[in-house]
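Respectively, the protein sequence lines represent chains E and B. Taking our numbering as reference, the numbering of the first sequence is continuous, increasing by one, and the terminal residue is 496. Taking our numbering as reference, the numbering of the second sequence is continuous, increasing by one, and the terminal residue is 103.
The set of hints was computed from the structure by calculation and includes no laboratory data. Each hint should be verified, as a subset may be incorrect.
Reference excerpt, derived from the structure (chain E facing chain B, CB under 8 Å, subset only) [as the list claims (entries may be wrong)]:
#, residue
1, Leu52
2, Ala310
3, Arg325
4, Gly371
5, Lys392
6, Lys393
7, Ala394
Some chain B residues well away from chain E (every beta-carbon gap over 10 Å; in silico) [unchecked claim]:
#, residue
8, Leu5
9, Glu13
10, Glu23
11, Thr25
12, Asp33
13, Glu40
14, Pro56
15, Arg65
16, Pro69
17, Asn71
18, Thr83
19, Ser85
Where a beta carbon is used, it is the ideal one built from N, C-alpha and C, also for glycine.
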Amino acid sequence: MSAYIEDLDAALIAKAVKEGSISALEVAQASLDAIDKRDPQIHAFIQVTPELALKAAQDIDNARAQGKELPPLAGVPIAFKDNMHLIGSRTTCASHMLENYESVFTATAVQRMLDAGCVPVGKLNMDEFAFGSSTESSYFGHTCNPYDIERVPGGSSGGSAAAVASGMVPLTLGSDTGGSIRQPASFCGVVGFKPTYGMVSRYGIVAFGSSLDQVGPFGRSVHDVALAMNALAGRDERDCTSQPWNIDFTADLNSGVEGMKIGIVSSLNNAEGVEAEVVDAINKAAQNLTAAGAELVEVELPHAAAAIAAYYVLAPCEAFSNLARFDGVRYGHRPNDARDLADMTSRARAEGFGPEVKRRIMLGAHLLASGVYDKYYYPAQQVRALITEDYKKAYEQVDAILMPTSPHTAFKFGELSNPTQMYLSDMFTISLNIAGNAGISVPVGFGSASGLPIGAQLIGPAFQDHKLLRIAASLEASYEATQCAPGFTKKGGLLS
Amino acid sequence: MSLSLDDVRGIAEYARIALNADELTEMTSYLNDALERVLEPITHFELDGVVPVFHPIGDLSNVMRDDVPSNESLPIDVALQNTASQEDRFFRIPSILGNGGER
Numbered sequence: 001m002s003a004y005i006e007d008l009d010a011a012l013i014a015k016a017v018k019e020g021s022i023s024a025l026e027v028a029q030a031s032l033d034a035i036d037k038r039d040p041q042i043h044a045f046i047q048v049t050p051e052l053a054l055k056a057a058q059d060i061d062n063a064r065a066q067g068k069e070l071p072p073l074a075g076v077p078i079a080f081k082d083n084m085h086l087i088g089s090r091t092t093c094a095s096h097m098l099e100n101y102e103s104v105f106t107a108t109a110v111q112r113m114l115d116a117g118c119v120p121v122g123k124l125n126m127d128e129f130a131f132g133s134s135t136e137s138s139y140f141g142h143t144c145n146p147y148d149i150e151r152v153p154g155g156s157s158g159g160s161a162a163a164v165a166s167g168m169v170p171l172t173l174g175s176d177t178g179g180s181i182r183q184p185a186s187f188c189g190v191v192g193f194k195p196t197y198g199m200v201s202r203y204g205i206v207a208f209g210s211s212l213d214q215v216g217p218f219g220r221s222v223h224d225v226a227l228a229m230n231a232l233a234g235r236d237e238r239d240c241t242s243q244p245w246n247i248d249f250t251a252d253l254n255s256g257v258e259g260m261k262i263g264i265v266s267s268l269n270n271a272e273g274v275e276a277e278v279v280d281a282i283n284k285a286a287q288n289l290t291a292a293g294a295e296l297v298e299v300e301l302p303h304a305a306a307a308i309a310a311y312y313v314l315a316p317c318e319a320f321s322n323l324a325r326f327d328g329v330r331y332g333h334r335p336n337d338a339r340d341l342a343d344m345t346s347r348a349r350a351e352g353f354g355p356e357v358k359r360r361i362m363l364g365a366h367l368l369a370s371g372v373y374d375k376y377y378y379p380a381q382q383v384r385a386l387i388t389e390d391y392k393k394a395y396e397q398v399d400a401i402l403m404p405t406s407p408h409t410a411f412k413f414g415e416l417s418n419p420t421q422m423y424l425s426d427m428f429t430i431s432l433n434i435a436g437n438a439g440i441s442v443p444v445g446f447g448s449a450s451g452l453p454i455g456a457q458l459i460g461p462a463f464q465d466h467k468l469l470r471i472a473a474s475l476e477a478s479y480e481a482t483q484c485a486p487g488f489t490k491k492g493g494l495l496s
Numbered sequence: 001m002s003l004s005l006d007d008v009r010g011i012a013e014y015a016r017i018a019l020n021a022d023e024l025t026e027m028t029s030y031l032n033d034a035l036e037r038v039l040e041p042i043t044h045f046e047l048d049g050v051v052p053v054f055h056p057i058g059d060l061s062n063v064m065r066d067d068v069p070s071n072e073s074l075p076i077d078v079a080l081q082n083t084a085s086q087e088d089r090f091f092r093i094p095s096i097l098g099n100g101g102e103r
């Protein structure tokens, strides 16, 4: 008996394992085989963890044999962005700095997925320390987009999106500080969800921007993402920002959007730099939501244009502070012939960090300097207040806002070689990290010119994540079911 | 006003990143480009009287546990597992004031 998992979503795998039509061990082996076969081409994984996977799968099969009730995602293969601690694996952040770092504990979000029955098959590639939008800055080499291996998968959680799009796993976790879940989901034609800030614990995730970071799932359906959220959400006393929410994210998922109001920001959707095929796809998505019973309402986000500037002040400042811990003393790269402590630290960081990490740290160091702080950092926090207020006003009129996830489809390696040009492409994703709102990227077909996947982004008010998923499910239902990228799908290949 | 090479050398020292001459030049160009192209708009907004927010969800408060000591901590051997140099139960580092080598 052989198993193909390419066309199976998490819900179907968990059901099959629970019913006994396939064992967790067979599913785990199928996922490991798919990784063996496909990852040399895609390079989504930094580390594969067959021992952890087979042990977890065996435990599930044993529990079933003993007649125990299986958890909701029993037997579902999962992989984690490599900034998430998992005992028994390295956590490298795709950096030379942490190349040999062995996890000494397990992140809460990771543990919650394991407790829900998921089987950990490995750790996923990313931009180094999550600084980037293309996964090109990984020390271990870039990940390829399964739709076109000459193009980037997006970033920073590029491995998380590519692994799902190429059928190696049905579910992954990523982290999103300025779009790092939604943009790669859009580029790779999968669903990527950034929950409200505070919805999911960040304990055990290597911190980048502590007032912006949030963990979330990737899947090939909104339903799978909702199932993952059932496991992930809720208070964790180890992360004081995590809030005590306990919601069944699947409960209203298929209740539709009849009577709901969806906001459209015309000035943003048609802004300079947004490709025509993206505008067309978003207009079509809006029509589909209308056809499903929603009403479109024009809303304004007058300070949206300031979001990129505010973000690239706040995020580097927070990164500068968070990455101060990499001093070569307790962990991480260390030169072995240092003159003194300062020499050791300066060289550990010079040799251990890649160029983009150094840039962000240097930018943050400058922005927090006396005199400079008042010019940039303080105003950025004031702009944050204005952006948050804009969203609040918009949500008085609408249930969610629809806009592109990215102004363009996946670009070629090296095409955005200027770092500041790359920053400007984050125009649609960044503002909701600043405001803490939830956002999801849903595949809405392929570009008429490029033929590449396009994602529509739905944004919703804080802690209304379940409602946002419901709207996303309705939008998703107006398109053909999301498949793996061509060449990675095994149509009809099932559990036999 | 643009940052000079000397300014950037000072920032690198403060950030504890040893940059060589080429990297300093490149970094200076990057920082000036980022400040002018990406960050400058933040200085153009009318912000008088706007109260800043430092947390994305301002009307929620942090969830704090009771202020009692926790028994949770890493065992010493685990805490030392990832260091490049250790001695007995301690992290080993070079001399702080400098005399060469780890001691």
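To see whether the hints hold, each was checked on the structure:
1. Leu52: violated, 18 Å
2. Ala310: holds, 6 Å
3. Arg325: violated, 12 Å
4. Gly371: violated, 11 Å
5. Lys392: Constraint on Lys392(E) not satisfied, violated at 10 Å.
6. Lys393: violated, 15 Å
7. Ala394: violated, 16 Å
8. Leu5: Holds: least Cβ distance 13 Å, greater than 10 Å.
9. Glu13: violated, 8 Å
10. Glu23: About 8 Å separates Glu23(B) from the closest Cβ of chain E, which leaves it inside 10 Å; violated.
11. Thr25: With a cut-off of 10 Å, Thr25(B) remains clear of chain E, as the shortest Cβ separation is near 13 Å.
12. Asp33: Given a closest Cβ separation of 5 Å, the condition is violated.
13. Glu40: violated, 7 Å
14. Pro56: violated, 3 Å
15. Arg65: Given a closest Cβ separation of 5 Å, the condition is violated.
16. Pro69: Non-interface label stands for Pro69(B): nearest chain E Cβ at 14 Å, farther than 10 Å.
17. Asn71: holds, 13 Å
18. Thr83: violated, 6 Å
19. Ser85: Ser85(B) is in fact no farther than 10 Å from some Cβ atom of chain E, at 7 Å.
Of the numbered hints given earlier, the model fails hints 1, 3, 4, 5, 6, 7, 9, 10, 12, 13, 14, 15, 18 and 19; all others are met.
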